[in-house]
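Chains as they are written, first to last, in our numbering: chain Z, 345 to 785; chain U, 2 to 257; chain R, 784 to 1118; chain G, 1236 to 1391.
Hints in this document: simulated from the structure, not taken from any laboratory.
Owing to the predicted nature of the structure, the values given are computational and were not obtained by experimental measurement.
All residues carry an ideal CB built from backbone N, CA and C; glycine is no exception.
You may find that some hints are simply not true.
Dumping the calculated BS3-like pairs for lysine-lysine here, alpha-carbon to alpha-carbon at most 25 Å [as the list claims (entries may be wrong)]:
id: 1; chain 1: R; residue 1: LYS923; chain 2: Z; residue 2: LYS349
id: 2; chain 1: U; residue 1: LYS167; chain 2: G; residue 2: LYS1292
id: 3; chain 1: U; residue 1: LYS167; chain 2: R; residue 2: LYS786
Just a few of them, taken from the derived set where beta-carbon distance is under 8 Å, the chain U residues facing chain Z [said to hold, decoys possible]:
id: 4; residue: MET2
id: 5; residue: ALA5
id: 6; residue: THR38
id: 7; residue: ALA201
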Amino acid sequence: MTGYKVIGSAVQRSDALGHVTGRTEFFEDLNPPGLLHLKMARSERHHARLAGIDTSEAEKTKGVVRILTADDIPNNLFTPLKLIGVEPDDEPILAEGTVRYRGEPICAVIAETEAAAYEGAAKVVVDYEDLPAVFDVEEALREGAPIVNEHQRTNFFTYEGHHCRRIRFGDVEQAFAQADHVFEWRYQSAPIEHAPTETTGCIVVPQADGRLRIHSDTQACFFTLDNTALILGTPFNKLRIVGGTVGGGFGGKVDVVVEPVSCVAAMLTGRPVKFVYNRREEMQVSSPRAAERIIIKDAVMSGGRITGRQVTLYVDSGAYARHSPYGTTKAAAHLPGPYAIPNVWADCHCVFTNRTPSSAMRGFGVTIADFALESQMDRIARALDMDPLQLRLINAYRDGDLTAHRKPAEGTALIEVIQKAAEMVGHDLPAEFQEMSSWQS
Amino acid sequence: MITAVRMPESAEAAAEAAARGGRVMAGGTVVMAEVNTGPVADTELISLRHAGLSGITVNEGVARVGATTTFAELRSGLGFLSEAIRTLASPTIRNLATVGGNLFVPQPYGDFAVCLLALDATVEIAEGQETPIAEWNRRPGEIVTAVRFAVPREGTWFYHKAMRRKLNSAAIVTVAAVVDRDTVRVALGGVAPGPVRSPAAERVLRGQELTRDVLDAAGEAALADIDPRDDAYASAWYRRRVLPVHVRRAFQNEEA
Amino acid sequence: MAKLKGRGYASVNYPTGMNLGGDPSQALIHSTTTGTFVVSLSSVDLGQGLKTVVAQCAAEVLGLPFENILIDTADTDTGPHCMGTFASRGTHRVGNAVIMAAAEAREVMLAVAADELEVDPGDLETDGTGFIAVKGAEEKRIHITDLALAAHFKHGRTISGRGIFLKEQSTVVPETGEMDPDSCQAHACTVAVVEVDDETGVVEVLEMHNAYEIGRALNPAMVTQQVEGGAWMGMSHALFEATEPYYPARDHGPADFTEYLMPGPADIARQYSVILERPADNGPFGAKGIGEMTANAPIPAIANAIFDACGVRVETMPFTPERVLRDLDALKGTT
Amino acid sequence: MPSSVVNLTVNGREQEFLARPAESLLTSLRDRLGLMAAKRGCAQGSCGTCTVLVDDKPVMSCLVAVETIEAAEVRTLEGVADGERLDEVQQAFLDGFATQCGFCTAGMIMTAEALLAENPDPTHDEVVEAISGNVCRCTGYRAIVAAILDAAGRRK
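Let the hints inform the model, and build the full structure from the sequences given.
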């Protein structure tokens, strides 16, 4: 055994007592006196020029305190990964001149009650001039496609001068030329919502010393604080985030979408403000897992050895970048899957369309790639009339193999989990496959 | 914005309140969801909770079910409907949702309305008049007080609902039917803007043994009576494609 | 009508830690006057159990009972910086930072104990129950409560420690994609057993067999939670979920849990799970991240099982009854 | 806006408070009475996180206009434990690692309380049906179903 006393033991979760007694505090369990409610008037169009925004009726709504537009946000244009140097700023907190997806926030209505905020938001009159919209990644990349986001200039995110994130390892063309078989198939996924039971939200409470205390269900306190401070143009120490209890995250609560506008509302009214997505907003407006399209072309020898793999990946970023450029890089780093393939070529495109901006979600870049890669492995095995586990074992990466991104593999155990799974379901493997090991070549 | 909630204490008072305008609410499962999450045009809610409209009576084989009887109450009150009610939302919702309210929910919800159509139920309106459900159209200010139907003889009631989940899911296709020696009524849900009867399927089934061939023919015939739509659960194509399968399964007692 | 049964396989790896590094997390730890160790963080527990596992790490390093550890998070005024909870980085980054902080605190703890017991710190050991004792002379010992009181009121010392974990940022060579994106890789193989209704295209997942290699299972019960919950999510992604069911059209987007389909408690598969451990050199006690990856292998395992069952190759997620049935029809040549 | 005076017995205590027209029981519990265990996951009856017992029946409190249940008995998760002593359902959830993020837990436990009060020895399928309106996005449900069955066993 390991000799550890606490590590490796199933000690009770430290948060479970609070959960089963209902005492765990989530951000919305705070109810400060004088709380105002913020609701958004959102774009009803996929892509449109905003010819006019009339808030006069909304302002007259009983209980409405104030309405915010883009002009009220100090640094309205941002991108959350600017903290790690990603450019350009491409997304407004509140729409400015153009809306690029249905559901994009235009005006924030602040009111004494939730009902009044909803009613005010419904009374904002927006005059749209529709622009051509594009909803498909490959159509978006075609010449002449309408430009989704002029801050990005093109419908793809630019990686150091390249139109995509690339992997170039070995020579796939030669592998295809020398292969016994070449297989090419296509895969696609739908956008998927994080669907946390607790929706995204925050409550901002102005403090006696002029600072703002932000109660949030963010997954990343300082990330949210830093981005919010940049948007507000305030010193970082004017803000304080109190969080740490999240009713389901799954990557959906790192976008910094509710805090900045709530802070502006709290600063301008001098009162606590709550902005929490309703269920419809969570399902349709909050960023989903990106829809992906993946084309895999493999060079395969008759014995099952895969000698070349070419992958073309399109990640649908929606109208704005958010975390998708990083997710696309993460996908590239994951290719060609857990296999030692000597020739790998990948073009991973982060594409802008007029859909809800996608962003981080549990394993993004990897989850959908695994669907494609492991479907591909099954198809190859069937095409060669091979045992699907043996095909994987033949190609499995081991310690010391150089990955396609040129990092020596270590701590690998793909072979061992395959052997274990085979054992679990009574899938017989010949002796040579049972004796394989990830840490011996 | 809602500025008042009326709570009439009789059917007559409810009808009077409704005649003056306002949104009628029974269990609240539809109306409160709207009130909670967006602007509502109405300024008044008329709650039927205290209008004395709940309760089940069975007289000489005819059941009268008060409009605000919940599905939880109905499930324990009328055994033959148990399976149908099991497919309807979740137990917590069934503690609130009412028989009357179910008449007003849009497809692909409203499975009980499909049952009522198959049962050839009548709808009782506050004024005391009854209308066969197949001919009934809601008029503004009208309050449903009860539904009435003959309890089918044992072995003559058929119900089958195809869902995306095994429990708590809207209908892909709902089939409810009464098939007796001299009675054949087939009602379908999920496949049209409202619940529909299928005269074509009924013609095929009338007087026949419910053999595989007959059921297949009935299922095919039923396609003539539907007008399916796309929604979040299924496409119109899919509903049309699987309708014959589910018509057959409704009578075959197979699992979905 | 037939229910067609099939089995499918998928094997995957998953990176621990934010791609490309440059994502530090810090931990501060100090003892109260009575020997409770407060770990100050700004890290967020999403329900995956971060607070519990890092408390286990602190307890193990300090050699004290789990109950002696309190986790204080997540307040940016009181907790030191953390990049956030994502990318399966929490246990790895924060665990390492806590271990470093706890090791520093342990050194002070042993130094003060050495003063109290008048021995060399190197001769001391912790027993996991709260005592610091002289190796080989267990009667010569001091309890952490007495020790903390002495440190504070007699020696004027804080028993505390600082920790940070930083994986240096790697830049990508844009021409080739050369990079050092991760800290370690965990592994999984899932076998799914499904049944396909050949008249309706409905797929039911009957069983999922999961073999996971995750470096070290810091808390096996919580590992099981992740494996089971993730496999459910994978099954949900595979068969049900889409915010735009008619992609690329944006029509009929589900707006609530009624329309947004996920398997309910009646739809879950029987699960069998086995955990293997191959400790990672850079992981806390060898642990690799398991939070995200558990949803991944089930998806292709189900896709492959569907093919095994009925010959339909699903290429588009989710594998709805409609998609399966259209392909079944095409196979039969009926459309 | 005219508010109504509402009287309820909540967890055995008589409560009188003002509620806005069409205010949900959930809002009253949280905003008027400070009982925060019931959660707002959707406010539409689709998630079950706000489930409480009204006259012993589990209902989604977001769907109940509070003024329509004047004088009702309401029980929330705050009223389940006996002081610091957990009841069997709570203990089974704790011991069975049936919570992760914890947001669905209050609704799950209250649904289970109602089920076990009515049916002390439920089958697996009866437990599954009882919680079929309660969404959990973390656990995959198995541990929750197991905990409820375990709680039934503990009560025997």
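Which of the numbered hints above does this structure break?
Violated: hints 5 and 7.
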